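Undergrad: Listed here are the chains, written in short residue letters.
2 protein chains.
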Amino acid sequence: MVQQERARLTREKILLGAADVIRRVGYAKASLGQISETSGVTRGALYFHFGSKLDIAAALVDEQHRITREASEMILATDASALELMMHLCLDLAQRLVADPIVRAGVRLTSDTSTFDSPIGDPFRDWIETFGALATRAQDNGETTATVPPDMAARFIIPAFTGVQLVSDTLTGREDLPGRVREMWEILVRALVAAENLATALQMLDDVFTAPGSDEEAMR
Amino acid sequence: MVQQERARLTREKILLGAADVIRRVGYAKASLGQISETSGVTRGALYFHFGSKLDIAAALVDEQHRITREASEMILATDASALELMMHLCLDLAQRLVADPIVRAGVRLTSDTSTFDSPIGDPFRDWIETFGALATRAQDNGETTATVPPDMAARFIIPAFTGVQLVSDTLTGREDLPGRVREMWEILVRALVAAENLATALQMLDDVFTAPGSDEEAMR
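Protein chains in written order, with UniProt numbering: chain A, 1 to 220; chain B, 1 to 220.
If you are wondering where the hints come from, they were derived from the structure by calculation, not from laboratory data.
Please read all numbers here as calculations on a predicted model, not as lab measurements.
Treat the hints with care, since some could be wrong.
[To be verified] Subject to a maximum C-alpha distance of 35 Å in a straight line, what follows is the list of computed DSBU-like cross-link-like pairs (lysine-lysine):
{"#": "1", "chain 1": "B", "residue 1": "K29", "chain 2": "A", "residue 2": "K29"}
{"#": "2", "chain 1": "A", "residue 1": "K53", "chain 2": "B", "residue 2": "K29"}
{"#": "3", "chain 1": "A", "residue 1": "K13", "chain 2": "A", "residue 2": "K29"}
{"#": "4", "chain 1": "A", "residue 1": "K53", "chain 2": "B", "residue 2": "K53"}
{"#": "5", "chain 1": "A", "residue 1": "K53", "chain 2": "A", "residue 2": "K29"}
{"#": "6", "chain 1": "A", "residue 1": "K13", "chain 2": "B", "residue 2": "K13"}
{"#": "7", "chain 1": "A", "residue 1": "K13", "chain 2": "B", "residue 2": "K29"}
{"#": "8", "chain 1": "B", "residue 1": "K13", "chain 2": "B", "residue 2": "K29"}
With the sequences and hints as input, model every part of the structure.
TA: Put into structure tokens, the structure is as follows:
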């Protein structure tokens with residue numbers, strides 16, 4: 001058991017070291033030597049866990065999915081309304097993209113066309129499906145109008161979020177990401193919510209993005 | 001003069017060959033040998049024009065900027081309204097991202113974090129500035145409401161478009177991109193346009209994205 005725990009810790013050290021090297025020099029230029037050095041793990045131990053750089057990249061993407069999936073399951077289990085859940089999910093992922101090196105590396109590896117031979121579409125499909133279900137619930141419970149079909153809303157919100165985090169990364173290293181995601185939702189609620197419910201939706205947005213005990217607080 | 005023209009053609013062949021190689025294997029794995037072979041240009045001629053792979057990447061990005069800047073200047077010189085211009089600019093870029101190999105390669109190189117040592121933010125800043133000016137005009141001429149500040153709209157529209165093209169590329173190789181950009185605008189007009197002007201804006205959207213003589217026709 002102690003040995004198993006030690007192996008798990010070594011694997012984690014390698015992934016964190018790899019995330020750091022990839023952040024600094026990019027995946028293409030990252031070498032196993034640098035990853036071994038940065039993570040403080042011998043080459044032998046590194047090869048015991050991973051056969052190649054591509055294996056490490058795949059493990060980072062898997063680990064990022066595990067982290068974000070667990071986080072979103074916790075959010076989805078709360079009793080927040082469907083519209084509120086969509087805001088929470090976006091804010092939570094934005095905050096992880098700022099603060100969690102594994103999530104940063106996983107997302108970067110996924111969007112970099114040079115990492116894998118074929119682009120990874122599954123996370124986008126999963127998120128679009130989750131948001132499609134939430135947008136349907138939001139429409140059914142009267143939070144949003146029927147004007148924009150739920151699947152169309154989901155097909156836009158996920159790519160829009162993807163672009164917002166990418167441009168924020170390019171322009172400010174994601175420093176302004178939570179603020180940009182808030183602006184995204186200020187625009188989205190105006191498209192999705194009926195005039196008579198807009199004040200409620202904007203108050204909800206304010207609560208999600210600034211209230212104490214919000215995701216922002218929980219991450220500190 | 002003949003020699004100058006020949007040199008220009010050779011340079012163009014190299015860039016098209018490089019765009020093709022980068023599309024197939026990605027920038028990191030592209031070699032000068034492959035680029036020379038694919039473009040049908042000798043290694044000697046290739047080295048006469050470009051000192052390194054990075055030089056070719058920089059030239060592709062420059063050429064993509066020239067093409068899209070010229071296209072957007074032509075669109076901006078028409079007498080379309082500010083809101084219509086924003087739709088036209090998005091559709092035109094979407095169509096070039098489907099059909100023009102140089103534009104595809106340039107955009108891919110810019111968003112790939114592995115290409116250049118520091119991310120290229122200037123194109124995003126330029127587009128956000130252009131759209132900020134157009135969104136201000138749209139508000140001044142009453143096409144859009146004052147609810148969403150023009151700079152906030154621009155700060156969202158450009159990242160949103162960036163993500164829409166990226167996700168469309170990942171999921172369908174950009175086959176559905178013009179349709180997705182249309183959906184993006186169907187949602188945006190509902191956020192930006194007053195209820196009493198919505199029918200006009202949706203008719204405009206329909207004209208831009210489907211009418212004969214639109215950008216879509218002009219590209220064929």
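Undergrad: Would you pick out the hints that fail for this structure and give their numbers low to high?
TA: 6
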